Amino acid sequence: MSIGHTLLGLLESGPRHGYDLKRAFDEKFGHDRPLHYGQVYSTMSRLLRNGLVEVDGIESGGGPERKRYAITDAGVTDVERWLASPEKPAEYLQSTLYTKVVLALLTHRDAADILDTQRAEHLRSMRILTDRKRRGDLADQLICDHALFHLEADLRWLELTAARLDRLRAEVAR
Amino acid sequence: MKPRDGGLPPGRGRARGWAGDLAMGARFAVTGGREGWVRMTLTAVGVGLGVALLLLTTALPNVFTARHRVEEARYDYSFSGTTRPRADDTVLVAVTDTRWHAKDVRGRLLEPEGSRAPLPPGLGRFPAAGEMAVSPALRELLASDGARLLRERLPYRIVGTIGESGLIGSQELAYYAGAKGLDPDANGGVRVDRLVRFGDPQPTTEKTDPVLLLMVLVVFVVLLMPVAVFIAAAVRFGGERRDRRLAALRLVGSDSGMTRRIAAGEALAGALLGLAVGTVFFLIGRQIAGSVEVLGESVFPGYLDPSPALLALVAVAVPASAVLVTLLAMRGVVVEPLGVVRTVRPARRRLWWRLLLPLAGLALLYPMVGKGRNSGGFNQYLVTCGVLLLLVGVTALLPWIVERVVARLGAGPVSWQLAVRRLQLSSGTAARMVNGIAVAVAGAIALQMLFAGVESQYTESTGRDPGRASMEVSLPERSDAAAVGEAFRRTEGVRVSVVLSTTTAADKRRDADNLVDLTVGDCAALREVARLPSCRDGDVFTLRNPHYDSSYNDSTAAVVRPGRQLYLDPDGSDTPSLQVPWRLPAGLRQVPYREDALQNGANGLLVTRSALPAKALSALHGHVFVRTDESVPDAPEHVRNTAARVDATADVFTWTETEQSTRYTSLRTGLFVGAVCVLVLIGASLLVSQLEQLRERRRLLSSLVAFGTRRRTLGLSVLWQTAVPVLLGLLLSSAVGLTLGTVLLKMTATPVTVDWASVLSLTGAGAAVVLAVTLLSLPPLLRLARPDGLRTE
Amino acid sequence: MTPPPGSLLAAEDLRKAYGPTLALDGAAFSIHPGEIVAVMGPSGSGKSTLLHCLAGIVPPDSGSITYAGRELATMSDVERSALRRGDFGFVFQFGQLVPELTCVENVALPLRLNGTSRKEAERAALGWLERLEVDDLGGKRPGEVSGGQGQRVAVARALVTGPRVLFADEPTGALDSLNGERVMELLTEAARSTDAAVVLVTHEARVAAYSDREIVVRDGRSRDMERAV
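Residue numbers (the working numbering), protein chains in the order written: chain A, 1 to 174; chain B, 1001 to 1793; chain C, 2001 to 2229.
Worth flagging that the hints you see were computed from the coordinates, not collected in a lab.
Computed from a predicted structure; not experimentally measured.
The beta carbon of each residue, even a glycine, is placed where N, CA and C say it ideally should be.
One or more hints might be untrue.
Some chain C residues flagged as far from chain B (calculated, every beta-carbon gap over 10 Å) [claimed, not checked]:
1) Pro2042
2) Glu2130
3) Asp2224
Covered stretches of chain B, as calculated for chain C (at least 3 residues, CB under 8 Å) [claimed, not checked]:
4) 1099 to 1111
5) 1609 to 1619
6) 1731 to 1743
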């Protein structure tokens, strides 16, 4: 995920302080990994340097000085370009799981066991996600679904592999 | 799916397209896999049964004609008042018909009187005295174990077989036996005629009685209507599966017109196969018909020959109506690519045109009310159309009534709720299922009424009371009545035997003016005729029969004077007479007539035996009245055997209160046979559609059982589901049947009476069919309602 | 082997053959009151047969099934039917609602089979339809509602008798993800609120994720993942 583009996108609705930005980011996107303040400030200074944001004003008083950032036209264009360009689909051709299965077969271990264990592990995660989804709001549901569908895809692969274990065993043994 | 050939003129192109669609449908019908074949077989067998019944019915008139021809050819009544003289070309025939349990045996004694004596049809040569030729059925019967008494009664040696030309049915029991010394002039006993040839001397085509004709017409309409309804139902067997297939066709691009024609093609194929199957059924049935007997009637296979015109009509009408019915049925259905949409809530059925049909029928029949048999015939077309419309009215009214009533049915147990809801959703299907039964029952009720009403006109009261005597044996003259009485008394199963002889006396030897009847017997016997205050052998009483008119009684009174000289068996005709002189004794006592006299026409003189001179005994014509012991089952057979032993030409008859015209009886029999066939047929179609419905609901039934529904509940719901529409159908058909019956009776100018017993028995038969169908569909229901149905393929 | 202590429904060493095909070959199962157990496995693995055996719909060829301490095999068909009416509830993939009855009548059906009066049964049915958010469908027939709505009606029907075990065989199999998800949410919520155990047969991981634990069936043999780990 591009943090810079995300922060730019958040600024589109109006100027914000760095602290606000972090809170908004965490709320909407940072479910698993909240942003560090340092990350926010280093990103913002990079964006400032590139002319994608500008300082809207500085508040001082009380604590540390707080800059308010606003997005520039160039920034809006940049966000637009980012959103419009497709992401490269992630490929997992060399996953650990595949390696484990093949190794198990080569060493005449029970590959089905590995698959079943993995499925149990996957399901455990899915249960937690499902539960969280149930309690959370719509944003939670969307993000959890994203994870759930990926996990499900893994599981589908597991099922298919389980169904093909015999053929795989024959090929590996050759 | 099929590119139209743009080069052809539109007319020819369309025709070719149509033919193509029909052919494709036909192909689907035969290439539909196992399921397709099952459906095809059901339809073919259903239509086949209908066609066979149609062919059978169309052959019926021919059966009547063929039998009538034989009857006429073997006719042996001389018709002349006087006996023709013996000659080289004459034969004496004695009618020695008898009965064996409930079956009639046609018997004739033949005595050829010269070398050119005519042979009856079916006979190659005359059997000699003591020999006989028998029909195949009688030969078989005589050879069977239980026929000992009959073998004793017909103690002739079998020397030949009567050919088909001499029999009216394959199962007719008949024999021709040779005899010696038959007396064509004898009084009493059976009829003996001297013939120069067999056959009706005046074969007039009997003018058909309009009432009988009316009945024949109605019988045909009533029998054929349900068959038509049945065929209509049969071509729709498996319709739901077909709909699904049609939907698949729509998906690959056939338009709705094509779909319709493809469906019609399927129906056509089914109907054509049905025609073939029906023909085979008919041919088999024809052979079977030759070896069975229904209610005492049998036929030869050769009699069952439908006329070519009717045959052609069946061959065209059945496929045509199959196509028509399919097209009509598809009107209420929209076949969409993704499935069949029944027009969800069909428009509420409207009453007015449904009422119009039966009312129009009544309107057609009404003008003929009161025409009776006297004022000319009925218009056959009006009668047929009227009856047809009334009965079609049943099929039109029933769906409306079922819909209305079912919509109002309310709370009840779960089985009831399931049934009622299903009926509410598809009351049309339910009504269609019972339409056939409703029409059959309505028609049969009307006919029963007509029969019962007309019965009085075709039934003669015999004036005999079976409680007084169960059998009567009429003996020819010159047999010893006393000895005969003794023979019957000793017969097994006879409780009482009474011998009453009759003769006539006159005041002159010949050309007498006044005659008097004599009834001769012992005192006990005479008491069966009149109330005797006292009686001793030698007494003579006078009797005035109140049923005779007074002038006759007066002429009798002129002769009956004490001490008067009379002549027994005077010469009154050209038969030889004895003319035995007898003087009336002095003491003549008048005795009152007994209303339940054994000898119905007793009148004049009651004479004890010893009051007559011995010579007079051979002028007596004896009657033996027998009361049998009902606990001896073969008593009547023993009586007949005794009679045959005493005199082969003794005439035996069983006392019944009424006698029916045989033509009327055979018509009634035909109706019963037909109604039974039709009801069984409809039962079969009910069963098929019931099973089909159950198969469709297999998954649902399984899941209902899974969550614990009792099988009893499911069974009951099936019962309600059929019982409710059937009950409504039977009520409606009773109403229509009674109306039609009333109108028909009014047409024949017969007082209207309702024969409730037959109404009940016919509706009962209809209900029995439904019950049987439900019972038969229970085992498959329970099998289908097993959890295996939950398994997904 | 004895069923784990405290289990409500347990099966040991089940075998069942349909003709030549062995549907179950030594499968075992157990569930505690209030527990939701997913039965997973590829199609044709014997999942549904296991469910049918557990519910007393089909008798196994051999093996034991105990419900609340009673052996199912020793019960008569009438007793098993009564058990299914009273203690068990069922949701299938499709084809389970009586098409002629309205939705509310369908839901009331199990109660009426148990002898509850029509009025009372339909009041209870309406309450359940409300809990499953389809009370507006009460007067409609199954043919007039969507697949998801129909499945909710089916869930209401399964729960209306207050069963102790709810058997669900691919309850979302014919639904899209969103509808399937909602049905699963409602089903598990309702089951938890009435403390009913749920035997959930599914081949979808996302559906199985609503369970507390899963049992995997493969080639007629079962594997309890929790006890195996």
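Now for the hints, and whether the structure bears them out:
{"no.": "1", "hint": "Pro2042", "verdict": "holds (14 Å)"}
{"no.": "2", "hint": "Glu2130", "verdict": "holds (21 Å)"}
{"no.": "3", "hint": "Asp2224", "verdict": "holds (24 Å)"}
{"no.": "4", "hint": "1099 to 1111", "verdict": "violated (count 0)"}
{"no.": "5", "hint": "1609 to 1619", "verdict": "violated (count 0)"}
{"no.": "6", "hint": "1731 to 1743", "verdict": "violated (count 0)"}
Against the hints set out earlier in the document, violations occur for numbers 4, 5, 6.
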